[in-house]
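> Start from the sequences and build out the full structure, keeping to the hints where you can.
Chains A and B, in that order, are what the protein sequence lines are.
Position 232 of the first sequence, counting from 1, maps to 1692 under the working numbering, and the rest follow consecutively.
Position 30 of the second sequence, counting from 1, maps to 94 under the working numbering, and the rest follow consecutively.
Derived by calculation from the structure, the hints in this document are not laboratory data.
Some clues are possibly wrong.
The calculated label-pair distances, taken between Cβ atoms and stated as ranges, are [claimed, not checked]: (1) A:F1531 to B:N278: 34 to 40 Å; (2) A:K1527 to B:S94: 46 to 52 Å; (3) A:R1629 to B:A107: 22 to 28 Å; (4) B:R225 to A:A1595: 42 to 48 Å; (5) A:K1477 to B:S94: 44 to 50 Å; (6) A:P1590 to B:K197: 38 to 44 Å; (7) A:K1527 to B:G217: 44 to 50 Å; (8) A:E1473 to B:A107: 28 to 34 Å; (9) A:M1539 to B:G209: 35 to 41 Å; (10) B:N278 to A:F1567: 47 to 53 Å; (11) A:P1590 to B:Q302: 43 to 49 Å; (12) A:Q1553 to B:N278: 39 to 45 Å.
Computed list of lysine-lysine pairs in DSS-like fashion (alpha-carbon distance at most 30 Å, straight line) [to be verified]: (13) B:K197 to A:K1488; (14) A:K1477 to B:K197; (15) B:K197 to A:K1487; (16) B:K257 to A:K1487; (17) A:K1506 to B:K257; (18) A:K1470 to B:K364; (19) A:K1502 to B:K197; (20) A:K1675 to B:K174; (21) B:K197 to A:K1474; (22) B:K197 to A:K1527.
Selected chain B positions facing chain A (Cβ under 7 Å, derived; list incomplete) [as the list claims (entries may be wrong)]: (23) G156; (24) S198; (25) Y238; (26) G260.
Keep in mind that this is a model prediction, so the values were computed, not measured.
Every residue, glycine too, gets a C-beta built ideally from N, C-alpha and C.
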Amino acid sequence: MTRLRDLQDKMMEKIQKGGAAEGLPIKKQQPLDTEQRLNIYKNNTKMILRDLINQVFPVTALLLGEKFMAFAADEFVGMAPPDSGDMNEYGAQFPEFLEHLPNLNQFAYVPDVARLEWLAQEAYLSPRLPPLTQADLAAVKDPVNMVLPVQPHLQLLRSGWPVDRLWTRVTAEGEKLKDFEMKPAETYAAIFRTGDSIRVWSITEGGYRFIEHLKSDPRFAFAAESGYRAEPSLALDKLLATLLQQELLVKTATGAGESSR
Amino acid sequence: MGFRKSRRGDPAAFYLRLIVYIKGMSTRASISTGIKTGIGLRAAHTAEIAATRPDVGFLEAHSENYFRIGGAPFEHLMALRTSYPLSLHGVGLSLGSAAGVSAAHLDKLKALVDIVEPALVSEHVAWSMADGKSLPDLLPLPMTGEALDVLCGNIASVQDRLARRILIENPSSYLSFTGQELSEPAFIAEAAKRTGCGILLDLNNIHVSAHNLNFNAPAYIDALPAGIVGEIHLAGYQVNRIGDAEIFIDAHNHPVYDDVWALYQHALRRFGDVPTLVEWDAELPALARLVAEAKTADGKRAEALRGRPHDQAA
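Here it is, written out as structure tokens:
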């Protein structure tokens, strides 16, 4: 009898890479031969992973079409098989994989659509913490030193294509894609959730830099500086109002806490 | 100027507050004999279950779908926890892996179990991880002494880490191995005996495997000792044709077949009342249809138990 570890390593490779049953101690039992029995597991795995990729990247799938998406998913699975039993983690590299797929040259924006969809999943699976309110913000005594942590579900996307508008349109109107003309355009978007719904909010470069800074360093003054540096005319008051309204800022122990510099 | 993270702005602190807040708003409920049949909790039904609170005994959730503490699925699970006892059923721990279970996966399960405090925690007698890779399927173990040692070691690690007893589910199989040293019921019964875990007896899996691997399903049930079955699963399977052969696939996409209902009553007559769950994962029906299937299970259970001397006395 093959030792268990050897058996599992070999069987894993044969299922993932499509190897023959030869060399595995599979019992011969009518009415199927050993190859047919192993194929059931190969097919199950292939279909489950294909479905998983389709579920996480539905708009990407719509843009690519069923056949090409199945091809892309199979290629991706072959190149980067799952390495965790938590399948919610699987697919993070799919957008990058699409970027390097040669047949996709004329659809250069599709990898960014896939990126947006991965971020949407991240937003969906991330927590909503108690939000900062307008009253909390009004009570701040030292605005220069306040800290404004953002919600863990708030994600950011930068693209050379208006993929935010495309995604919004496709999710709102289903398959009516014919009228959408894709022209390169510098695009900044924030992706977040309200309950179960995913929202995509088109923002400016300054807004992007401001939020990006808050995500790694919640000190308001430094984030504002980053935003104004990118966009001197940044309407920070309006940006903050929307962040508050959409409950995208997190309440700290003291409302909008002050930095402990 | 170096950056120092503000303690007051540290999102980790808020995580902790979130968890404490969530724990405070829920109560733990048990799943024991006499409870009505439960149903599998699937995303497509969650909102309707929350709105209509159907009369089922408990809900069983796939653990991995709720690993992201605080995410939208987790919020739903915690909201339902106030109305239903919960069972967490894992599919990705790979209890049969010779390389051991993933510490990272087990940590996530531990975090979830600590917050949800489910009435039951279960996993499969199968493997899905090897050589640093993972498959989204449940692969069969050879029924050997070596595999039994591996399985028992992994179950013990999980029970130690979770500080609680788990249930292990018998697999559905499309192949078996040469050189097997034990029958499948002897294998899982021995694992339960050695580790103190219980058995989640999936009757659809027994029926599917019995057909695919040519063994007798009622004899499988009769070979298990009484007292170790902590839960029963019921589901439907798919009939696939491969050449001239008919193979049953454990697809959970169909009502429970008559053959499986018969096995259910056979098992109840042997083991007595056992908490029961109807699983339906693919080609999902309307919630009302799933609830009706659970009601059918309640009826079948009452009918089977009526004939048992102990239950008559009770």
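> Check each numbered hint against the structure and report the violated ones by number, ascending.
Violated hints (numbers, rising): 17, 18, 26; every other hint is consistent with the structure.
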